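Novice: In case you want the letters, here they are:
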Amino acid sequence: MIRSKALWRKTWLESRARFFGTLAMMMFVAGWDILDSAHGMSRFDRTPPITFTQYVAYLFQGNLQWVWVASVLLLGLGGLAREDRLGTAQFTLTLPFRRRQWMQVRATLGLLQAAILALVPVLTVPLAARVVGRSYPIWEAFKFSGLLFAAGIIFFFGAVFRSSFLGGEFSAIAASGISALFAFTAQDYLYRWIPSFRFSYFNMSAFLGGNELLDRATGLLGGWPWAGVVKILCAAGVLFWTSTAIIERRDF
Amino acid sequence: MPASKRSELVIETYGLSKKYRDTFAVRDLDLAVPAGSISAFLGPNGSGKTTTIRMLLGLAHPTAGVGRVLGQAISDEAACIRIRLRIGYVGEDKRLYGYMTVREILDFVRPLYPNWNRDRERALQERFDLQPDRKCKKLSKGMRTKLALVLALARGMDLLIFDEPGEGLDPAGAEQLLEAMVEAASDGATVFFSTHQISEVERIADRVFIMNRGRLVFQSAMEEVRKNYRRIHFSFMGRAPANQMNIDGVESLSAEGHVLSLVANGNLERITQHGRALGAVSVDVQPIGLREVFLETLSKERS
Numbered sequence: 001m002i003r004s005k006a007l008w009r010k011t012w013l014e015s016r017a018r019f020f021g022t023l024a025m026m027m028f029v030a031g032w033d034i035l036d037s038a039h040g041m042s043r044f045d046r047t048p049p050i051t052f053t054q055y056v057a058y059l060f061q062g063n064l065q066w067v068w069v070a071s072v073l074l075l076g077l078g079g080l081a082r083e084d085r086l087g088t089a090q091f092t093l094t095l096p097f098r099r100r101q102w103m104q105v106r107a108t109l110g111l112l113q114a115a116i117l118a119l120v121p122v123l124t125v126p127l128a129a130r131v132v133g134r135s136y137p138i139w140e141a142f143k144f145s146g147l148l149f150a151a152g153i154i155f156f157f158g159a160v161f162r163s164s165f166l167g168g169e170f171s172a173i174a175a176s177g178i179s180a181l182f183a184f185t186a187q188d189y190l191y192r193w194i195p196s197f198r199f200s201y202f203n204m205s206a207f208l209g210g211n212e213l214l215d216r217a218t219g220l221l222g223g224w225p226w227a228g229v230v231k232i233l234c235a236a237g238v239l240f241w242t243s244t245a246i247i248e249r250r251d252f
Numbered sequence: 001m002p003a004s005k006r007s008e009l010v011i012e013t014y015g016l017s018k019k020y021r022d023t024f025a026v027r028d029l030d031l032a033v034p035a036g037s038i039s040a041f042l043g044p045n046g047s048g049k050t051t052t053i054r055m056l057l058g059l060a061h062p063t064a065g066v067g068r069v070l071g072q073a074i075s076d077e078a079a080c081i082r083i084r085l086r087i088g089y090v091g092e093d094k095r096l097y098g099y100m101t102v103r104e105i106l107d108f109v110r111p112l113y114p115n116w117n118r119d120r121e122r123a124l125q126e127r128f129d130l131q132p133d134r135k136c137k138k139l140s141k142g143m144r145t146k147l148a149l150v151l152a153l154a155r156g157m158d159l160l161i162f163d164e165p166g167e168g169l170d171p172a173g174a175e176q177l178l179e180a181m182v183e184a185a186s187d188g189a190t191v192f193f194s195t196h197q198i199s200e201v202e203r204i205a206d207r208v209f210i211m212n213r214g215r216l217v218f219q220s221a222m223e224e225v226r227k228n229y230r231r232i233h234f235s236f237m238g239r240a241p242a243n244q245m246n247i248d249g250v251e252s253l254s255a256e257g258h259v260l261s262l263v264a265n266g267n268l269e270r271i272t273q274h275g276r277a278l279g280a281v282s283v284d285v286q287p288i289g290l291r292e293v294f295l296e297t298l299s300k301e302r303s
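Chains as they are written, first to last, in the working numbering: chain A, 1 to 252; chain B, 1 to 303.
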């Protein structure tokens, strides 16, 4: 018990800067876009004018989505390959823990941090809406955040996977950025050959923003993409298993 | 190997090999480190010392062969955890978590070892003059080495494995390191360390292993080295008969004009008698140090 506490403590100390940084970024983006909603909504040149709930839905499909993906990618960085580059891996790996334990704790803590980050819009959006004299149902924000979290799992484990063989912080960030860009744009290319990909669950951007579930008239979400969540969990499981296998077989 | 003999060995490897692509870093290594010894692991750079140590600790996976440390198989990860609970290790790369202070890293490591010796920790911290509130990233290389030593020596370990521990230490620090190693051994721990400092080995080691190009090329008790190794100079009236000195115990020989010099490992009486029988007019027998044995071993390997 005491031993595993040390494991968690080290993992937390190494990830806390990234966590607090991304927390501040999420709060800023979610809060600022709502506080600036009068100006933000006026940019939509529409008749009838855009409603506040529609505006919030756009936020979840736009700025918040990008910030969220960047945040979970950052949370997935670090780990033993990074330590190898920094020169501390030999010390870490001669402590009485299995490599698998380091991976499990890192993944669990990262998911907890991602869950907390996902709650930021749930609290920030309704609160900031009140400040500007509007209201937004907390449950709706919760549903959008749930989608962010569910899709975030795949981005997070993608980052964990890349960091199992890329020790350099910049190379891991660059690889994460490229793969995220691919996840967001691949469907556009695939659509040219397979039109059914357009709004399928393979489209991460559409999944994150709840495109298939969104009532465009009200800007509210109806339902929950269970099939997509199951697919994401399966893919995340495969990525985590592969990452652990890479770390266990690697020489340090 | 008989079971009773095996139980006295703290480190044992049989045919241990590590291959990186087409190159063997370690090849067919049979190593036997007896319990309670201070064993030095010597060899030129790239000879396979660090790779061997990394395999013993489970940091690198052997390509072939088997190894046991403290009776536990190094290829079994669960067994490696049991090994790590009983060893203190200071690696070649002594970098520690830069974001932790000296106190924090001690607080972090201490609960992981049930036999942690708090008194030894305090004593070593004082001896090495380690300031508890200093961040690890602010420590000099020498101070980092000292902190790594505290973290290894306070564990209440059965085996200490050091990979070039004196690197980065000033002479006073190197002296403290040797004292700490001898103290650990006198407390019952086995010490296995790699180094390039042969003078240190001569002072504290009771067993020496020499690696070259991934192979173990020499192993002996230091006492045997001191007792058996000699440099013998034979002077002849005529040309030195180098080709007639093929006799047991002659490790290497060189002839220059009237003088024949050789390094002998045991069989000294017979060698000197043989020299005299060949017509040597003077025989000069000198003890040689480990440095010469080391260099002779490597040059023999090269030739």
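Check the hints yourself; a few may be wrong.
Unchecked claim - Below 30 Å or equal to it, Euclidean Cα-Cα: the simulated BS3-like pairs (lysine-lysine) are:
no.	chain 1	residue 1	chain 2	residue 2
1	B	Lys-300	B	Lys-227
2	A	Lys-231	A	Lys-143
3	B	Lys-227	B	Lys-19
4	A	Lys-5	B	Lys-138
5	A	Lys-5	B	Lys-19
6	B	Lys-135	A	Lys-5
No wet-lab data here; the hints were simulated from the structure. Bear in mind the structure is a predicted one, so any value in this text is a computation, not a measurement.
Novice: Please go over all the hints and tell whether each is borne out by the structure.
Specialist: Outcome of the hint check:
1. B:Lys-300 to B:Lys-227: Satisfied, since the Cα-Cα distance of roughly 21 Å is no more than 30 Å.
2. A:Lys-231 to A:Lys-143: Measuring from Cα to Cα gives roughly 18 Å; hence the hint holds.
3. B:Lys-227 to B:Lys-19: violated (37 Å)
4. A:Lys-5 to B:Lys-138: holds (26 Å)
5. A:Lys-5 to B:Lys-19: Between Lys-5 (chain A) and Lys-19 (chain B) the Cα gap is close to 37 Å, so the pair fails against 30 Å, i.e. violated.
6. B:Lys-135 to A:Lys-5: holds (22 Å)
Hint compliance for this structure: hints 3, 5 are not met, and every other hint is.
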